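Student: So you can see what is in the structure, the chains are spelled out below.
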Amino acid sequence: MNHHHALALLQGMLRIRRFEEKATELYTEEKIRGFMHLYIGEEAVAVGAMQAIGPDDAVVSTYREHGHALARGIPAGAIMAEMYGKQEGCSGGRGGSMHLFDRGRRFYGGSAIVSGGLPLAVGLALADKMQGRHRVTACFFGEGAVAEGEFHESINLAALWRLPVLFLCENNLYAMGTALARSESQTDIRLKAAAYNVPAESVDGMDVEAVEAASQRAAGAVRNGDAGPYFLEFHTYRFVAHSMFDAQLYRDKAEVAEWKTRDPIATYIPRLQEEGVLDDATLARMEAEIAAEVAEAVAFAEAGSWEPPATLTRHVYSSEGPAP
Amino acid sequence: MTATIRTTYREAVREAIREALRRDDRVFLMGEDVGRYGGCFAVSKGLLQEFGPERIRDTPLSESAFVGAGIGAALGGMRPIVEIMTVNFSLLALDQIVNNAATLLHMSGGQFSVPLVIRMATGGGRQLAAQHSHSLEGWYAHIPGIKVLTPATLEDARGMLWTALEDPDPVLIFENTALYNTEGELAADAGAVDIDRARIRRAGRDVSLFAYGGGLRKALAAADQLAAESVEAEVVDLRCLRPLDGAAILASVAHTRRAVIVDEGWRSGGISAEISARIMEGAFYELDAPVARVCGAEVPMPYPRHLEQAALPQVETIVQAVREMLGHG
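Protein chains in written order, with our numbering: chain A, 1 to 324; chain B, 1 to 329.
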């Protein structure tokens with residue numbers, strides 16, 4: 001791997017980690033409210049997978065989406081402002097943490113309905129295919145989604161119509177507090193995709209380079225005309241609570257500790273150091289750059305403005321029509 | 001005088017779809033059995049042969065996926081027409097309609113509009129029992145972010161679709177199954193019509209009958225009967241349940257001072273309750289009598305014909321409601 005690229009992967013993951021650590025503080029200070037779902041522990045998936053997604057491609061995400069949004073290139077300030085509910089946010093403040101959108105970057109949001117984004121991804125890919133565009137729609141979702149009917153309906157439709165959807169399943173083992181084995185009779189998720197004749201692979205989601213390699217391969221296959229969808233399952237783990245209201249009664253501390261030994265960032269740093277790619281000065285500079293960016297994002301959010309209640313009913317319809 | 005053609009409601013809808021497919025390459029139709037079968041109610045018969053399987057797409061029985069795919073395709077620059085076989089089946093896609101189609105523009109702060117049209121069959125009267133016969137249009141009209149159309153005439157069956165396709169936001173069109181076979185004269189050059197105004201289908205001075213979809217014919221027939229009794233009923237076709245043309249409703253009530261609402265949907269919490277509330281809010285002092293409602297009976301639709309008919313508003317029950325209001329009961 002190219003040294004410059006490896007450092008970019010590390011920086012991408014660190015950026016998400018530090019951004020969310022700051023968001024946790026801000027949540028405690030009640031600057032951020034509502035539900036907030038952190039991605040800490042899963043950063044390798046967003047950063048690795050996004051390497052395979054070009055600017056013309058589309059991204060459909062979930063409510064655990066800060067990492068996807070940052071890796072997609074939505075400015076940290078616009079994301080933070082959105083979490084504050086300020087109108088300078090990437091969704092004008094209307095969405096919050098769970099609903100980040102960016103038209104220019106073809107980021108079709110955070111759906112807070114588990115599996116609700118999958119049919120949308122199928123439709124985006126259908127539009128591309130019908131209009132002869134060779135683009136990929138990358139659709140992130142958690143393993144909890146595979147219990148939903150919409151997962152099965154969507155993957156069948158994408159396979160049936162050979163649509164260019166890259167299904168990216170982030171298997172962090174828990175659907176909120178329900179372990180996979182407590183909700184699925186078949187816990188090998190690949191088999192569910194394979195049942196619809198979709199090529200499916202499992203990948204170590206704690207290894208950013210492995211994530212990138214698999215994603216490049218899969219995206220290449222999907223982009224290649226009439227090949228149809230591809231399914232990747234990333235084995236990963238959420239180091240923190242499901243949301244800010246979760247006491248984590250459903251899992252052992254030992255299990256969390258065990259997974260933390262596989263931290264995608266903490267394991268990547270010594271690996272790059274051993275390979276002679278990363279030295280202490282570079283890491284320090286990287287941390288300083290990220291700290292400055294996060295501080296700037298917070299300042300941007302703090303300086304943002306509240307939408308006046310006078311415009312409350314905007315964005316329900318595209319134009320001011322007759323009163324409903 | 002304008003030349004007319006003899007046609008049916010079904011053919012008018014088909015012609016509207018055909019015209020849309022010809023005018024705009026981005027338009028396509030998808031749904032269960034819209035292609036080879038020709039549509040459950042034969043609306044899309046022949047379109048597969050004319051436009052091919054790319055644009056007349058048979059889908060699996062996956063309402064949530066194909067409605068959601070319609071939303072995604074609309075986001076991706078297409079102009080999909082999604083057909084759902086009946087309103088009851090649309091409940092399987094309610095997540096996509098309510099949580100995505102109706103909310104994406106808002107959640108994205110105005111960045112993503114969803115120019116999608118969903119057509120579905122609605123209404124009772126064909127002995128299809130309790131999972132194929134309901135009128136949930138009023139239910140959908142509760143939801144900000146979508147528009148709800150109820151074409152009751154040949155003109156609207158022919159003309160609402162194109163306007164709906166040009167709308168940047170999701171539009172639901174409810175086609176009452178009892179209307180598909182109705183025949184009549186339609187202007188040979190009939191085309192797009194507005195989708196946000198009620199229309200007076202018969203002028204009158206004594207009482208306003210508010211109706212939509214399958215209820216309009218019954219309201220008009222009731223007005224005919226009442227005319228024989230020297231009661232001049234004004235029949236207002238609501239046409240759109242969201243947005244609801246409140247100004248037209250209040251104007252008619254101000255003119256007639258009496259209102260009877262005809263709704264095949266259930267009475268409790270239905271669109272008839274909304275219309276009644278608006279009349280109270282905006283025309284209370286114009287009224288000479290309390291608002292009356294003739295609604296669907298509060299029961300899942302029964303199968304036997306006599307019970308089904310008893311569950312639906314009828315010409316006689318509308319006439320009776322007016323007579324009672326006028327003290328002629």
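Hints listed in this document are in silico derivations from the structure and should not be mistaken for laboratory results. These numbers come from a predicted model, not from an experiment. Any given hint could turn out to be false.
Just a few of them, taken from the derived set where beta-carbon distance is under 10 Å, the chain A residues facing chain B [as the list claims (entries may be wrong)]:
1) 92
2) 116
3) 134
4) 163
5) 176
6) 178
7) 180
8) 318
Derived lysine to any residue pairs resembling SDA-like cross-links, with alpha carbons at most 20 Å apart [to be verified]:
9) A/192 with B/61
10) A/22 with A/239
11) A/22 with A/290
12) A/192 with B/60
13) B/45 with B/217
14) A/22 with A/93
Don't be surprised by glycine CBs; every beta carbon is placed ideally from N, CA and C.
Student: Could you run down the list of hints and mark each one as holding or not?
Tutor: Right, here's what the structure says about each hint:
no.	hint	verdict
1	92	holds, 2 Å
2	116	holds, 6 Å
3	134	violated, 14 Å
4	163	holds, 9 Å
5	176	violated, 18 Å
6	178	violated, 20 Å
7	180	violated, 23 Å
8	318	holds, 4 Å
9	A/192 with B/61	holds, 19 Å
10	A/22 with A/239	holds, 16 Å
11	A/22 with A/290	holds, 11 Å
12	A/192 with B/60	holds, 18 Å
13	B/45 with B/217	violated, 26 Å
14	A/22 with A/93	holds, 19 Å
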